[in-house]
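**Student:** Got two chains here, separate frames each, mind docking them using the hints?
One-letter residues, chain by chain:
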Amino acid sequence: MTTRRQFLQTAGAATGLLLTFRWTPAAEADGNAASQALAPNGWLRIGPDGSVELTVGKSEIGQGVRTSLTMILAEELGARWSAVSVRQASPGPEFQRLGTGGSGSVMWGWANLRLAGAQAREMLLTVAARRWGVPLADCEATDGVVRHAASGRSAAFGELAVEAGGLPAPVAPALRPLRSGGILGSRRVRVDARAIADGSAIYGVDVRRPGQLYASIERPPTIGGRLLGYDAAAVRRLPGVVDVVQIPEGIAVIATNSWQAMSARSRLEARWDPGPHAAFDSRDFTAELRQAATRPGVVTRRDGRGTDDLGALPHRLEAIYEYPFFAHAALEPMNATALVERDAAGERCTLWVPTQTPNGVQSRVAERLGIALERVEVQVTLSGGGFGRRLHWDYALEAASVARAAPGRPVQVLWTRSDDYRHGYFQSASAHRLVAGWDDNGTPRAWGHRKVSALHNARGGAPTAEELADPIYLRDSSWGVYDVPYAIANLQTEYVPRPTHVPIGPWRAVYAPSSIFARECFVDELAVALRADPIELRLRLLAGPSTLAAGDLRIDRARLRKLLEALRERSGWGAALPAGRGRGVACEVYDGDTHVGYVAEVTVEPGPTGRIRVDRLIAVIDAGLVVNPSGAEQQVDSGVAWSLSSLFGGAVEFREGRATAANFNDVPVLRCAGMPAVEAHFMPDDRERPFGLGEPTVATVVPAVLNAVFAASGRRIRRLPVANG
Amino acid sequence: MRSVEINGRRHSVDAPDEMPLLWVLRDLLGFTGTKYGCGAGQCGACSVLEDGRAVRSCQLPLAATAGHGYVTVEALDTHAAGRALRQAWLELDVAQCGYCQPGFLIAAADLIARRPQPTDAEIDGAFAAHLCRCGTYPRLRQAVRLAAATLRSTTVAPGS
Chain A
1 MTTRRQFLQT AGAATGLLLT FRWTPAAEAD GNAASQALAP NGWLRIGPDG
51 SVELTVGKSE IGQGVRTSLT MILAEELGAR WSAVSVRQAS PGPEFQRLGT
101 GGSGSVMWGW ANLRLAGAQA REMLLTVAAR RWGVPLADCE ATDGVVRHAA
151 SGRSAAFGEL AVEAGGLPAP VAPALRPLRS GGILGSRRVR VDARAIADGS
201 AIYGVDVRRP GQLYASIERP PTIGGRLLGY DAAAVRRLPG VVDVVQIPEG
251 IAVIATNSWQ AMSARSRLEA RWDPGPHAAF DSRDFTAELR QAATRPGVVT
301 RRDGRGTDDL GALPHRLEAI YEYPFFAHAA LEPMNATALV ERDAAGERCT
351 LWVPTQTPNG VQSRVAERLG IALERVEVQV TLSGGGFGRR LHWDYALEAA
401 SVARAAPGRP VQVLWTRSDD YRHGYFQSAS AHRLVAGWDD NGTPRAWGHR
451 KVSALHNARG GAPTAEELAD PIYLRDSSWG VYDVPYAIAN LQTEYVPRPT
501 HVPIGPWRAV YAPSSIFARE CFVDELAVAL RADPIELRLR LLAGPSTLAA
551 GDLRIDRARL RKLLEALRER SGWGAALPAG RGRGVACEVY DGDTHVGYVA
601 EVTVEPGPTG RIRVDRLIAV IDAGLVVNPS GAEQQVDSGV AWSLSSLFGG
651 AVEFREGRAT AANFNDVPVL RCAGMPAVEA HFMPDDRERP FGLGEPTVAT
701 VVPAVLNAVF AASGRRIRRL PVANG
Chain B
1001 MRSVEINGRR HSVDAPDEMP LLWVLRDLLG FTGTKYGCGA GQCGACSVLE
1051 DGRAVRSCQL PLAATAGHGY VTVEALDTHA AGRALRQAWL ELDVAQCGYC
1101 QPGFLIAAAD LIARRPQPTD AEIDGAFAAH LCRCGTYPRL RQAVRLAAAT
1151 LRSTTVAPGS
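Top to bottom, those sequences are chains A and B.
The numbering of the first sequence is the working numbering, which starts it at 1 and goes up by one.
The numbering of the second sequence is the working numbering, which starts it at 1001 and goes up by one.
So that you can see chain B by itself, here it is in the shape it has in the complex (with noise of 0.2 Å):
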């Protein structure tokens, strides 16, 4: 019996040590907004926040999580960059099929949480190891781009 903390609780699970995070949020706990795509890095789809920085939860062993923290994409209205990006995503419309954007918008609360008004450049970076195959890329570049401006103009203090 392993436990996992996922976004602020920690889980029981009872896996084997080399099961990826991946499956046992998506087919143990429940957590289906995390998504496979490719099993090996390549797409992105399955990101989740490890300690506020995004990782491959496909490539990520049940015994590496111990001593960290996970944060889903159900879960990223429980900060406020999250709530931002969730914001830009509606008001640019942003979505298409919609199966790639967890794991962009995990990405994107990773990037702005570490650059405040990120440049194309470093926004394409972020995205540079994600798939989208329906085109949403202009719209995802916008909404990082709107959701970084409404976190810089909204007056958070400190510890909230």
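One chain only, chain A, in its complex shape (with noise of 0.2 Å):
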């Protein structure tokens, strides 16, 4: 028997991401009862006992997308949400693309799985009809059972999974129509949130293997340092130590436990060559990026004469918004295991990462150990949080490194604290300069926002000299400035792409939190010094045709209006505040798909410094189709935390070439009692189909609140982070 391969690829969002479905005919079957089921292709497998078993390729970081990809899939298959279990795929060759980012899992599952599902149902139905001689347009396949309404006939899954594993897989087999009541748009507990209750949740830390070792490392302690000389042959003969190496990254002591391995680590007494980022020093950078914001950039998008005439409109506003370097600091430091083995052929590595991009990982530690791809295994655990820093590899080469050395044993490298805000890949400090035009009459005439920032590049290493002066790259990274939904005639954005020491990466929400930061704080001062209500002001600039077209994203103008007026709505934004408190509000296209808009609600104290509490933050979201609520008002909680972390201390700051943070309480993150009430809302979905949530709740929180600060104290807060102690 010949195997039939099907490919249905679709392209991802920002990151690249590729799903690939294999199709693999139950003839391959060994025989044994386990393998007696259907196996349409790599992803789903229903079997003789009626348990669904769906492969996901996606890393599950917190954002519940085990549960939500797990949801489509169920609702178009018909199937027993308690018979559906998920599994983790790993890199190989069904599965070369994997990748986790862009909030785009959900977005870009949706059609496939939906596919999946639907195929597999048919498979299930065809068999059914055949047994019972009727027609297969009279079956129907909901619960885990397919059906016969007139005969009354029914069975289960299970029973037909065998038989319909010999079917070839329909082409374009009918899509179940979007209905209520089902699976999809219920309240679904996410599927690991028992593991997690009763301790039994495996992240990466906690992978446990036998004869496992234990790894600490010491890196340079600046930026771009280098190694000089250290003490092994006193740490060899420490408790514990089983070995101390030395890898790229730094000196690795390996230990029987972790904290050995830190303590021995400790004792390393290593010399270091500062290297050419020593002088590095934040404040210097912030005030460079400042300077730079004065100078014209490379033009990302012109409407009519850009900021030409702004100098002849007779009223004008000016302002410049600084914005710092932030760490993801997940709670769950960088870590992975790795086992490196020696067989015939050679090397052979296994490793266990909490990752974002586990195909990065496996072509990575392939390349370090110049060992063929295939002999490298991946598999991938739960992240405890990702926001895009497990988009890096680096913890996992030092893993690999690290077993080499200890050839047989697996080797956990674990990352202390001070190690994950040392070694980071930041969110870069930016500086933005804004400026506005209006005509007597109170009419925006022109709008300019230029933006300076260096830039992460996802795939590794610096962006090249070619993308810093190329508009597409640029306009392409800078969502929140060029992709500006409101409407003025004239209209100018510029990027200064500015190189820094530090290491820059993709951050949650990516390129927008600062630039929408800025964007929507200054429009609130247009509003303010057009003597215009922020919202009725922001509904008068989205008035225009009701989409545009800004580079390759079209924004829905009358989508965002109408949020607006729900969210003017849901929030009460008219009824008076007592003195002290304020409302604010910001909104956004999130990469031209999800619709977003917040009110804040603030108390500030008198005094030109008083303190800021967030009472209350009311959010309208139009995601399309919401998949799980559950899950997605978790998402704005999230949102709201994250972005209230970065507005109230949690930059990092660096100080000869390295940062200054070591630990959680040098950047302060929000705690619980910090979190103001969130209300969700999601707009009724007439789109049909999901788009993403985890980072578009992100980036509008801060200015919302800014505003609210203005409204109730007169101060204009055009920095961040915001002293409040």
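No wet-lab data here; the hints were simulated from the structure.
Even for Gly, the Cβ is constructed at its ideal location relative to N, Cα and C.
There's no promise every hint is true.
Sample of chain B residues facing chain A (criterion: CB under 7 Å; computed from the structure) [said to hold, decoys possible]:
{"id": "1", "residue": "1017"}
{"id": "2", "residue": "1019"}
{"id": "3", "residue": "1023"}
{"id": "4", "residue": "1032"}
{"id": "5", "residue": "1041"}
{"id": "6", "residue": "1043"}
{"id": "7", "residue": "1059"}
{"id": "8", "residue": "1073"}
{"id": "9", "residue": "1074"}
{"id": "10", "residue": "1083"}
{"id": "11", "residue": "1086"}
{"id": "12", "residue": "1090"}
{"id": "13", "residue": "1097"}
{"id": "14", "residue": "1134"}
Pairwise CB distance ranges, derived in the manner of DEER restraints [claimed, not checked]:
{"id": "15", "chain 1": "B", "residue 1": "1014", "chain 2": "A", "residue 2": "224", "range": "38 to 46 Å"}
{"id": "16", "chain 1": "A", "residue 1": "319", "chain 2": "B", "residue 2": "1153", "range": "55 to 63 Å"}
{"id": "17", "chain 1": "B", "residue 1": "1122", "chain 2": "A", "residue 2": "374", "range": "41 to 49 Å"}
{"id": "18", "chain 1": "B", "residue 1": "1018", "chain 2": "A", "residue 2": "656", "range": "27 to 35 Å"}
{"id": "19", "chain 1": "B", "residue 1": "1154", "chain 2": "A", "residue 2": "135", "range": "52 to 60 Å"}
{"id": "20", "chain 1": "A", "residue 1": "610", "chain 2": "B", "residue 2": "1122", "range": "20 to 28 Å"}
{"id": "21", "chain 1": "A", "residue 1": "194", "chain 2": "B", "residue 2": "1066", "range": "28 to 36 Å"}
{"id": "22", "chain 1": "A", "residue 1": "248", "chain 2": "B", "residue 2": "1066", "range": "40 to 48 Å"}
**Tutor:** And the structure:
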């Protein structure tokens, strides 16, 4: 029997994710019971016992993807929810482009999973219809059972699975019409919730293999520092220490447990050449950004006459907004466990990694060890937060190098919290210069937004010189700047790339947070100058043509307008507030898809630095079809918490080429008492598909809060973070 | 060789006196539900119950565990409060990435044992030195209130 494969590929979001479905007929079954099962592809398996197993290549980093993707599949298939389980895919020939980022998992998984579910369902229905001698169209699959209503016959999926596995997969099965009352749109507790609550959930740090060793790595204290020497002999004699090895990233102490590895590491007395970035001070960089904001940049969008005629307008406003460096500070520190073994064909490496980029880990480890791709196996664990940090493979490379020094023994490399702050890939600091001009009628006639920042390159390394001069590259790296939805006849956006010594990487909401902070606060400044209500002004500026083409994005102004109207109503926008309290608003269209707006309510104590308390945040979101309302609301809570952490003190400073932060108390993150009440409202779906939520809920929180601070106190804050003691 | 009581059972461990209980639990005894987050008592992920009170296991040397009994997240269901908390956590779908949740569950177990009807301020207080990067705080508060209410409505015979 020949193997028939059908590849259905869908190119993904910004990170370039690709889902590959591989179809394998059951004829490959080797005769044992477990494989006598319908396995129409590498993603979905239905067993003779009726179990439905979905293999997903998306990493669970807290966003609930293992639950929402399973829901999409289960609904289309007609599975019983309790019979569905989810397995984590590993890179391999069937899974060549695994990756989690850009809030794209649900958005891009939607069509693929529905198709897979519909194919499997039609195969099950075909078997049942043949057995009963009835038309397929009269059979239906619900709750894990195929039924023929007229005759009252029914068969559980498990009874049909083996025979269905022998059928060819239909190429274009009918998709189930969207309905209410099914699995989609119902509140589902995340599939890992029980394991999380009883402590049995396995994150990267929880991997325990026979004979496992533990390692802690001393790395250069400064960015780009170089090792001069260390005291290996003394450390080798310390209790629990198995070995001390030098790897490209630093010196690894391998011990029988993490604590002894960390303790021994502190006795290495390593000497370092501070390297080429030793003079770097983030205060200098901030000043440099501010300075650069006064000079022209690469034009990323120009409507009408841009800002050419600004000087001729009777009324003008200008402001500079400043944004610092931020770390991800995921609660589970970076870690990876690796096992290097040798057989007749040479070395092979198995890794257990909390990662957003399993294939990236696989190929880079193969490269590091100089072995073939298929000699590297990557098992993806749960991640204790990701936020973009786990799109880098640095910690997996370390584990592979260390494990090579202890062949046959799995070695877990665990970072300390200080390691995490000192060796991050940070959200870049940036400066934004905004200008606006209006005529005597109060109509804005010109808008300019120039962003000055360092850029990350998710593919690894810094952007190339060509990229840094390319208006398209810079445009696509400036969400929140060039895609400004407001209809102003003359508009110009610019980018001034400013390389920095600090390693830069994707952070939650990628390019949007600093840009949306600046843009939406500046719109508020404009509203104040025009004596206009901030929601009214936005509605007015969104009244132009309902669709705006900005680069590759299509911005739906009418949709954003509708959302703002809903937000005005839901937030009780016009209602009076006592003195010292205020409301603020901000909105955006995230990467062209998810429309989001927040109204914040704050209380500000008197005085120029009066303490700010965020009382309440009301979100209205149009993310299309909401797969799991429980998970969607969590993403709103999460976006709020993430943003407030950045607003009040979460920034990272650099002195003499190193991050000054060593632990959480150095960069205050939001604690329970600082969390406001959060209300999330989702617009009714009229697009019949879901869009992302993990990132889109983030960027508008900060400007909504700061605009509320202005309303409450008259304080205009243009620089983050805000000391709030 | 030292002996430490975890979840009602005594375990012999061959480890230095100053080794924090966190690493004894995680690397020597296999109780990986207790998490490492900061190693400095700042995040609460490593919390365990010591004779019913929440403590930071990353700050607790093995030598100081003598004479005490410890409960980790794995065994929370052996207590009525722990069962109510687990149930509330599931009912309200509290966890996101989940990494910090064992620490919060332990802190909550301590709190509702002392305060059968905790106020929001008391909940915030119990969680003051805990940290969640995903922002589960609103549901954490709700779940603690729900678990406390469940516990109050459950008649527990003395000594059971």
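**Student:** Hint by hint, work out which the structure violates, then give me just those numbers in ascending order.
**Tutor:** 1, 5, 7, 10 and 17
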